[in-house]
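**Student:** Chains as they are written, first to last, in numbering that gives the first Met the number 0: chain A, 0 to 697; chain B, 0 to 298; chain C, 0 to 166; chain D, 0 to 101; chain E, 0 to 119.
Don't take every hint at face value.
To be verified - Stretches of chain B that chain E covers, calculated by requiring three or more beta carbons in the stretch to come under 8 Å of a beta carbon on chain E: (1) 46 to 60; (2) 64 to 70; (3) 144 to 151.
Just so you know, the hints here were simulated from the structure itself, not pulled from any lab data.
Just so you know, even glycine gets a beta-carbon here, dropped at the ideal spot from N, CA and C.
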Amino acid sequence: MNGARLGTWTWPRRLAAWAIARDLQTFVVPDARLARGAGLDLAAAGLRPVATPRHATVLVVVGALPEELAIAAAIAHVQMPRPRAILAVGSPSTPGLPEPDVAAPLGQEALRVGVATLRRVLAAGAFAPDVEVAESAAVQTRTEFVCPMHPEIVKDEPGICPICGMDLVPRETAGETSPHTRGHGGMDAHAEAPDRPETAGDAYTCPMHPEVVQPEPGRCPMCGMNLVPREDAVARSQPGHEATPMAVYAGHEPAATARVSHAAHDVDHAEHDAHAAAMPDERPIDHAMMGHGDMGQQTPMGLQTASHVAMNHGEHANHADMAMTGSEADATMPEMDHAAMGHAGMEEGMMDHSMHGGFMSMVAMTERLPRSADGLPMEWIEAPFGPLFPGLPGGLDVTFTLDGDGVAAAAATVATARGVEATWLAPTETFPDRLAGVDPLAPVAYRLLARRALEAAAGVEIDQSIAYARVRDAEWERVGSHLGWLAEFGALIGDQWVADRAAELQIAVVRLTSEPAAKLIREIRTFASAVARAPLIARRLAGIGTTAPNVAESVSGPVARAAGIATDARLEDRWYRALGFMPSVREAGDALARLHVRLAEIGASLDLVLAADGYRGEGPDPTLSAHLSGAGRATVETPRGEARLRIVVEHGSVVEARLESPSTALIRIVPDVSVGEEVADALVAVASLDLSPWEVTP
Amino acid sequence: MTAATIVAALLAGAYVVAVLEGWATTGRFQPGAPLVAGLALLGRESVVPRRPDRLLYETAPVLLLAAAVMAAAVLPLSPELVAVDLATGALFVNAAWAYVMVALVMAGWGPNGAYAMVAGWRFLGQLIAYAMLIVMPIATVGMRAESLATTAIVSSQVGLWNAATQPIGFVLFTLAAMAVAFIPPFDLPTAPGELAGGVAAEYTGVRLAIFRLARLVLVVTLAAAVAVFFLGGWLGPWLPAWAWTGVKTLAVAAAMFAAGRFVPRLRAEHLLQWTWKLGIPLALFNIAWVGVTLWWADR
Amino acid sequence: MIAQTVAVALLGAVAVWFGAAVFRTSSMVRSALSLLASMAAIGGMFLAMEAEFLGVLQLMMMATEMAIMAVFMVMYMMDPGGLGQMDMSHQKRLSLASGVLAGLAALAIAFLGGWGPVAATAPDAAAQTRALGIEMMTRSLLVFETAAVTILVAMIASVAVAIARRR
Amino acid sequence: MTTLLVALAIGAVLFAIGLYGALSQTNLVMIMMGVELMLGGAMVNLVAFWRFLHPERIEGQMFVLIVMTVMAIEAAVGFGLGTARFRAKGSVEMEEAAELKG
Amino acid sequence: MSTLQHYLVLAGLIVGTIGLVVTLLLLARAVGQTRAEAGKDVPFAGGTLAPKPVWVRYHVRYYGVALLFLAFDMEMAFMYPWAVVYRELGLPALLDMGVFLSVLFLGILYGWSEGALRRQ
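Next up, chain A with everything else stripped away, as it sits in the complex (with noise of 0.2 Å):
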């Protein structure tokens, strides 16, 4: 076994091993809903979910991962104390991830006798005489020496900060093979920003008399400080200063925060290069003016000299603070020690200054910090929240940057990117198949979404029976999602009974066939109505995540509705208007509106089935010619809004296709519902929208 402990048999380790064979705790990847949507009930296995893989033993594989997926899971699979064991469901191997244990075919039978086998192999291999260390690349770390007050100063061996004279403090950085290095676009934006310019260090100049300019490095005749190379000329040359994270944060304006930390890598890379280019330039000036301000008033006895050095310093500190809590870090990146490099001659002037166990300022240090709405100046944590977390999506990579337990700043993105539309170009007969892979949380709706978009091409008109056979599909798939959105949402805000009870519905409506389904209506509907009328859930969610106008109009689907924009794109369709269907509108726009919406249209979903005949089963797709050539467009409303699909047919094939998905609009706006939140209340906000990080495009 993989996972096994080092030890020889014992009775003790025989003992532990049976009792962990029989309490298998799973963290499920990539999360219990897409588990739930393939029919599997984890519970029934005998497999009990947890909320962190530091509790579980088993790692329940659920289908093929993504590259990058794959690295979080190794991640999150390194995590886990030994003996741990991978159960592999639906999908024999995932790269990057060590072999797994047991691998079993997507199936309730096969995933009981998937669990029977993994309880043999933990309770025979739970204890080896000789393990092998995971060393996936995915979860090398290098480790690296970083002032605790000057993130900026980042070394290889430990030692002491040239600017304040702490020591060093050992971090662990991800290797550097990672592309998973914390994400959005960190390393790529890191690679491309413009180097420091070579020819800065032509003038030098003190950091406190910066009339003081000579050609080469020395001391300053007014202080004795060492000079400091000038930069100024390239910073005056950087139209994008203003536009850095910094200077956004240092107004009070929450709003404006959002549209920084936008999860649109473009936005991001610019600005950071812009603010690593401008960095290390403006300093000298800055510091200059600073210390000049503070002279006047501080005289604390013979620390002059040292806490003016101090001062300044402490504001270079800031600059990368911000850097670090604005946009990526540049403390884990190497573009760090570029920046670090920048003030190498002022450090060695520190250095002469020696301000070990000296006074420093915290007046300069927190100047520049950025201010709470309470006017604290406090330092930000960037603490990611996904790829894998246990109360989101997963695959979708939410990083709040925390102030206290507020979010300052949200970055959105996902670890499902499989490549591009190019694949989905096949064949007519195929292309509905691989269409409906695009999002396992909604494939009938890509499925009807591709079928309807090549009868478009073809200019094929449907009957009443395939029609009312695809609004079933439709809306029997709408029930289950927004059932499967109701459990993860019940975990999350901590309600164990709707989590229990809409798993155990998601479960039933998807295995549900042709047979009569009345029981299971009824019960749906009971449950949904109980839900809606819970007044602590009510409370828990009021006023949670409201979406500004601006910001509903850029949705479609529950969230717009929620905000009482009734947009949905089944109103054109002619049998859903024969079927007396009308969308479910709220108007209060939060994430309580949004749960209200997703249970009215439970509801109204069970209805339109009823009126068209109420049995689930596929319908027969009128057949197209092999050598369809043409262009079609179609609209679907899948279960998370509108899903646009162009395609270009030539020949039977599909050789163009353009989607635009609904979570592609969604995942923009998860900055303007969580940002100013509390941090339970932001992942509300975010869990609310219920975007599907795999229907998310480029």
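Given chain A's structure and the hints, the job is docking chains B, C, D and E onto it.
**Tutor:** Chains B, C, D and E only, in chain A's frame:
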């Protein structure tokens, strides 16, 4: 000897509570599950996170367990079966519970992880919310008993349980007790969905086992405190005295878990607002109510 | 009696040890928790000196007070984790001298002062609490009510200065 | 007698440590810690006096209660001031509080 | 049992607790030791290796209530001795305590009006 009996009863109670909690969270009644889970945790690795505040990280579960045991030491099973019948028992229980918060703050800070730290400081906020609702109802209970000794408090309920004479205090105390033991919906410091385990997130293997054991013992002491202070402790017909305390304690624990299953986790902000804007005025009213009713009865 | 002396001495040593640790660690959280440990040991000394109500009260009050202190330290001190081993002190020699001097003076008073006969027994805990209650409601009533006003003033003062007024 | 002397000695040492801390620390919160320690030392002495000299006079305990109240009030006001100062200056360092000294 | 013996039992329980914990730790150690692996000891952060510093100035949003609590908490030091003698002293004691608590409650009301009770 008494102390040994109390410890044995405590462990047994913790086991039953673990079964009850499993029943509430998974919906299955599995009497063997806690034993298996405990053995499994013993057999698993216990990973120490990189560069934690090792002292705080290691001390926290022990302190949590010690605090729970201290609280249990002054709660009587029967008039004789009490480890230490302190004259200030009711206050001592409070003092012991205060260290629960200290332990969780340590557990939150120690591992140097973001989720744990947020969770740890959150629990301090939770203490600021619930502390007064623990303190004031206990004071009113002491008013009736004219003593802070837990045995005297039980004896004072011979005629009528405190739950009947001071219902407001009973409700407030029970809710606050759930918050002390971070039972859902007050599980802000462990918040599985929100913070991936929170303060317990970085505890694995045997350390997690100790943490969970401590939490279970804590739940027992809080349920026992509700039984002792408000539900007449050992008072009851037919059964032996200790059995009554045990039954009431387990019933309270089961009720707490059952209630927690059906409500969403409270928002930290709401918790503070409700306790300070509604809870404390109610608790003050409760003091006045009890004062007046006692004076009326004694008149 | 000997047991009492030993207990007081042991707990006192713990209190002193942690009291010193407050200023020896550079981690702010450790510093606050050291103070808590010191205060808890003082509470233990109260118990050992049979002042049960005060001891338990001290144990309880200090737990919350010091935890809140830790919060404020983490809010306002740079490097609260103490990773940088920063020294945040000044005028060390002067402080050390005053500390030692004050300590010696206090010790001198303690050992040279004629304390007269020592009481062998103290009233039991229940009687103490009762006596304290009676005292509070009779002779010290004014002190008691003054304490309320003082606390009120402290609450108003701290809220008034600490809370940022919003538009 | 021994117990009294031991307690008084501990009180004295705690007071000395507290005084050292209050004088040597540059930071408001740390200074408050020093003050709390000094008050702690004082409380030890008070309880020792009560127990070994006049256990029958409960005012001794009442006095300790008042000292505890003082500690809490000091903490509340101190942190309030610290918050205000941190908001205004971004620092609770006494070195930087020159203008407070007038 | 004398009072001091009571405390001895309490101390014994603490020692016993520590003993139990040490036993469990030793037992677990006897079962096997933890194997060091790259990335294993990094705190879990959603499947990323997030080496960002966490121990920084942390913005606690409830400091307004915390300040009120620090002062208000003292109330109980006075309330418990009072509770014990309340029935003995009767209604005047209730009035005395009523004045005390009302004065303190004024502090809460003031904090409430100033917004100290909300999230800062």
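**Student:** Find the hints from earlier in the document that the structure breaks and name them by number, from lowest to highest.
**Tutor:** none
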